[in-house]
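Protein sequence lines correspond, in order, to chains A and B. If you use our numbering, the first sequence corresponds to residues 1 to 243, in order. If you use our numbering, the second sequence corresponds to residues 1 to 153, in order.
Warning: the hint list may mix true and false statements.
Some chain B residues judged to face chain A by a derived CB distance under 10 Å, without partners named [to be verified]:
#, residue
1, THR86
2, GLY108
3, PRO126
With a Cα cut of at most 27 Å, we get these calculated BS3-like pairs of lysine-lysine [as the list claims (entries may be wrong)]:
#, chain 1, residue 1, chain 2, residue 2
4, B, LYS13, A, LYS54
5, A, LYS54, A, LYS190
6, A, LYS226, B, LYS13
7, B, LYS141, A, LYS29
8, A, LYS29, A, LYS54
9, B, LYS13, A, LYS29
10, A, LYS154, A, LYS54
Just so you know, the hints here were simulated from the structure itself, not pulled from any lab data. None of these values were measured; they are calculated from a predicted model. For each residue, glycine too, the CB sits at the ideal point set by N, CA and C.
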Amino acid sequence: MSALGHYLEEEGLATVAISLIRPQTENTKPPRALWVPFELGRPFGPPSAAAFQKRVVLAALRMLERGNGPVAIEDFADDDPRATQDPAWRPPLTPMTVAAGPADALAARLEAEVGQLRGAHERWEAQHRRTTVGLSGLPIGDCARYVADWLRGKTPPSPREGFSAPLILRFAVDDVKAYYLEAAAAGAAKPSSRQLGDWFWNESATGAAIHVLREVLQGSDDDRLKLIVANFMVPATRVRSAG
Amino acid sequence: MTRLTDLPPAQAKRLAELECPDFTTRPWVTGSALSQRRVAIVSSAGLVVRGEDPFRGRDADYRVIPSTTRPEELLISHISINFDRTGFQEDWNVVFPLDRLQELAAEGAIGSVAQTHYSFMGATDPVQMEPHAREVAGLLKGDQVDAVILPPV
Chain A
1 MSALGHYLEE
11 EGLATVAISL
21 IRPQTENTKP
31 PRALWVPFEL
41 GRPFGPPSAA
51 AFQKRVVLAA
61 LRMLERGNGP
71 VAIEDFADDD
81 PRATQDPAWR
91 PPLTPMTVAA
101 GPADALAARL
111 EAEVGQLRGA
121 HERWEAQHRR
131 TTVGLSGLPI
141 GDCARYVADW
151 LRGKTPPSPR
161 EGFSAPLILR
171 FAVDDVKAYY
181 LEAAAAGAAK
191 PSSRQLGDWF
201 WNESATGAAI
211 HVLREVLQGS
221 DDDRLKLIVA
231 NFMVPATRVR
241 SAG
Chain B
1 MTRLTDLPPA
11 QAKRLAELEC
21 PDFTTRPWVT
31 GSALSQRRVA
41 IVSSAGLVVR
51 GEDPFRGRDA
61 DYRVIPSTTR
71 PEELLISHIS
81 INFDRTGFQE
91 DWNVVFPLDR
101 LQELAAEGAI
111 GSVAQTHYSF
121 MGATDPVQME
131 PHAREVAGLL
141 KGDQVDAVIL
151 PPV
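The task is simple: from the sequences and hints, build the whole structure.
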């Protein structure tokens, strides 16, 4: 963020920002920024590509040695080679045959499907020695149950002090999504983020369940809950049109 | 994948035209050669070490990420869901290039890597973030840092 660069530089620290949105950077004018042509979420480019990432880091840091400011924006020329689809990738589950259905049925499908992915997720963890599941603080089975219970019309209390129930719902949805996307990427194939997202949102029962949950809870009287489900559960590019 | 051009037009416009305080100064700090610099990461990805509190909405404070943090300990709690997380899931260096900095230090391309790194949540109001950013500046200087890379997400 450009303001961070401004504050730190005012305090005497030389900074260089990575920019993923060039018009925003031109508007906010950080001291120095390297614009990169990668998708949002990948400021240093492709995963598992140390040499490429290092070129990005060095291109940014080298700007600290040049006296062409204040306000210098440079462009990184090379695009992310992992942005293309991998035809060898296969999804970990058979596509669901019903894209929507009664909320109770979808809730049950969600919980069952999470269980079906356990083997694939264990392979992911063995392969990468990490998982990014964990924001809610709940084990994945409890995450699935928490999300499913909201879908069943219950309002389960927050299990975590200092965090509201709607916020835990958001984190539980984040955890379930992370679990699916990690499980789906286990193995030798290198699917693009679009391949993984297409599968999750269009072919999994849980993707369908989260769409329905978002639509149902927007009818709530709780403004905070409505705000969270409307904006922070389904990506803007995946929101279904009403009706 | 999601690039600015993939987003619904209204949202893309909001991101591109994001408001920033109208700063009256244009600070520009110079320094020694890169091979002599001590480098820190200050991310705006809403990063949090597992077990600590994730960012709640638009919290304006920051989280501390020691250089000893392991990849399995780092999570993203950024409020936005409109960016790819699968790259970070596979390799934390996509967002938090600590391994790359350690390699550059070992190669002599940079002087050293900071003992501690930091993360904010980038969708926060910059005005509310300012006192916390200035506090982080003091902590960085206490660690003899003289170069900061600022990755978004």
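Hints and how they fare:
1. THR86: holds, 5 Å
2. GLY108: violated, 12 Å
3. PRO126: PRO126/B check passes; min Cβ-Cβ to chain A is 3 Å, inside 10 Å.
4. LYS13/B x LYS54/A: violated, 31 Å
5. LYS54/A x LYS190/A: Given pair LYS54/A, LYS190/A holds - Cα atoms ~20 Å apart, limit 27 Å.
6. LYS226/A x LYS13/B: The hint holds at about 23 Å.
7. LYS141/B x LYS29/A: holds, 24 Å
8. LYS29/A x LYS54/A: holds, 25 Å
9. LYS13/B x LYS29/A: Since the Cα atoms of LYS13/B and LYS29/A sit roughly 17 Å apart, the hinted pair holds (cutoff 27 Å).
10. LYS154/A x LYS54/A: Violated, at about 49 Å.
In terms of the numbered hints stated before, the structure departs from hints 2, 4, 10, listed from lowest to highest.
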